[in-house]
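Novice: Take a look at the letters that make up each chain.
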Amino acid sequence: MLLKLARQSLWNRRGTALMTLFSLTVSLVLLFGIDHIRKEARQSFTSTVSGTDLIVGARSGQLNLLLYSVFRIGNATANVSWDTYQRISKHPQISWTIPLSLGDSHRGYRVLGTNTDYFSHYRYANQQTLQFASGQPFSGVYDAVLGAEVASKLGYQLGDNITLAHGIGAVSFSEHKDKPFTVTGILAPTGTPLDQTVHVSLEGIEAIHIDWQQGAPMPGRRVSAEQALQLDLTPKSITAFMVGLESRMATFVVQRQINEFRGEALSAILPGVALAELWQMLRMVENLLLLITLLVLVAGLVGMMTTLLASMKERQREMAILRAVGAHPWYLFLLIQLEVLLLTLIALLLAAVTLVVALWGLQDTLASSYGLFININPFSLQSLYWAGAILLASAVLACIPAFSAYRRALNDGLTIRL
Amino acid sequence: MTGMKPVTDKPIFPAIELKNVVFYYQPAGWQMSLPELILQPGQHLFIKGASGSGKTTLLNLLAGIIAPRQGEIMLGGTPFSRLSPGKRDTLRARNIGVVFQQLNLISYLSVLDNVLLSAHFAGCNNAESRQRALLLLQRLGLGADLAEQQAAALSVGQQQRVAIARALLTKPALLIADEPTSALDADNRDSFMQVLLEQANACGTTVIFVSHDAGLRQYFALQLDMQNLAQGVQPCC
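So the protein sequences, as listed, match chains A and B. Going by numbering that gives the first Met the number 0, the letters in the first sequence line up with residues 0 to 417, in that order. Going by numbering that gives the first Met the number 0, the letters in the second sequence line up with residues 0 to 236, in that order.
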């Protein structure tokens, strides 16, 4: 009967109950949604590079090296000579390497000079390999492979010609117009900075800079695209390189050997460690987000409590009738508590359904627009803890209207005159 | 736990007995005292009194919502006023029916659920109670088709009859009626009184009826004027 009373009482006040439910559901969707996206973003962030044991660049801080080599943010302080790269590549513990050459751009998108090992060895998001949406890896000096976003945003297709620009600005006055590249491949979306990258060969990078010096064309020297093909296009230096080891057991040994390399000042970083350090720096923002959502939830719960408290006066007659037929004041206390419990449980259920549907609907948009690969199942053991804590918090807050009902039941007795 | 048994099981005791009852609200100012009031099973008492004369307080005392400051109230031989509030609530659910002036029902419950509320709190909400509730409703002129309707859909007169059914469902020793006819017209009032007393008699229930309508005195053998409580009034014949 208690459950029936609570259920039908809520239904009787369905207008205010629905509004309370709505605000509580929105708060819970925000809480669970942001918590889930936060975790997934961290997962997605740390999945940007996978299966790479070391990243090597000129001596610098590990975050700087990570940012420019993986996230294409910022610039290297110096380059790594090609000879050094070749020597380290031959280390018996090293299985593969991917050279990275940065510094140019195409309409605001970074250009990455590399070799075809990139397409066979680079892994992201839990060992996923790069897939081509269309075309194939570059084979010629002036071939280019576009990341998914570059192709979709700029409307490029296979066979289109693009020109690269010196520097990384969206608008550049130093373009390599004399040596256009042809799009030979477009990568499938990865949800990583790769989608915003134009990939060309190291020889291509060398070719466009063959008549340049100190970041500007050499006066009086012009080498055409065809002429460049006849020249030695072996790079003199690269920006950084990724390393895959024969065995992960050797990671720290090889790292130390590279860091102590006498020929050149180098830094070898463990991408996982650097990513964790970077995420640690972002934790403050993450915690702030969580705090805001918690406050939204508190506002929802307080709103529910206020609505119930406001309804107590109009429910005096109902309480008096229940008292008259033998209900103890504690019964009325429990009735209010049960109503709150029902509202919170329904809100939790609605929030869960809304969240799954929203994630399912937004999964592709989040992946393509924000690079977030979100699992549509937002629930974990921690979600259960959250749900328990929310139920407890609502029960504590419900004590205020419930105690009000209890007090009124004691004070008003049987006869409420309306 | 003799106090928990229906008092109708003990006909040798008066239905209700008040001895040297004194009640006042803190801080003490207004005071009500009732040296003695004894009602036997099946007796009907009419209480009249103006506003502020203490009718509400007396009803709350009789129903066990409040306890007297001095004296004792016995319900079917059980020292009702000395029980804990929780036990008084249970005893009230089993032995006291209450009919209010108006708005007697919980509007969002069905007619039948409203009637069954008293059985629920008396701890006997079972198939038998349900059957008896339907029977009572039928006797009160409310057919089975109305039983599942929402209480709010009924007329005031019908609602008052449902309130009688609820009050009498557990065959209580005492029925307290607080101006239940004030919202009814003359025809409905007479019909209501007839039905109330008829059903109360059928259950052997003692009735305490509060009203300021002197015209209703005719239905009652015993009468009490609240104005005289300060002097201690015996029920007269």
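Source of the hints: derived by calculation from the structure; they are not laboratory data. Where hints are given, some of them may not hold.
Claimed, not checked - The calculated DSS-like cross-link candidates involving lysine-lysine, where the alpha carbons are at most 30 Å apart (straight line), are: (1) A:K312 to B:K86; (2) B:K47 to A:K3; (3) A:K235 to A:K3; (4) A:K235 to A:K89; (5) A:K38 to A:K152; (6) B:K18 to A:K3; (7) A:K176 to A:K235; (8) B:K170 to B:K86; (9) B:K86 to B:K18.
It should be emphasised that the depicted structure is a prediction, and the values quoted were computed from it without experimental measurement.
Novice: For each hint, tell me whether it holds in the structure or not.
Specialist: Hint-by-hint comparison with the structure:
1. A:K312 to B:K86: holds, 27 Å
2. B:K47 to A:K3: Roughly 38 Å separates the two Cα atoms, so the pair is violated.
3. A:K235 to A:K3: With a Cα-Cα distance of about 81 Å, the restraint between A:K235 and A:K3 is violated, given a limit of 30 Å.
4. A:K235 to A:K89: holds, 18 Å
5. A:K38 to A:K152: Given pair A:K38, A:K152 holds - Cα atoms ~28 Å apart, limit 30 Å.
6. B:K18 to A:K3: violated, 41 Å
7. A:K176 to A:K235: holds, 22 Å
8. B:K170 to B:K86: Within the cut-off at roughly 19 Å; holds.
9. B:K86 to B:K18: holds, 20 Å
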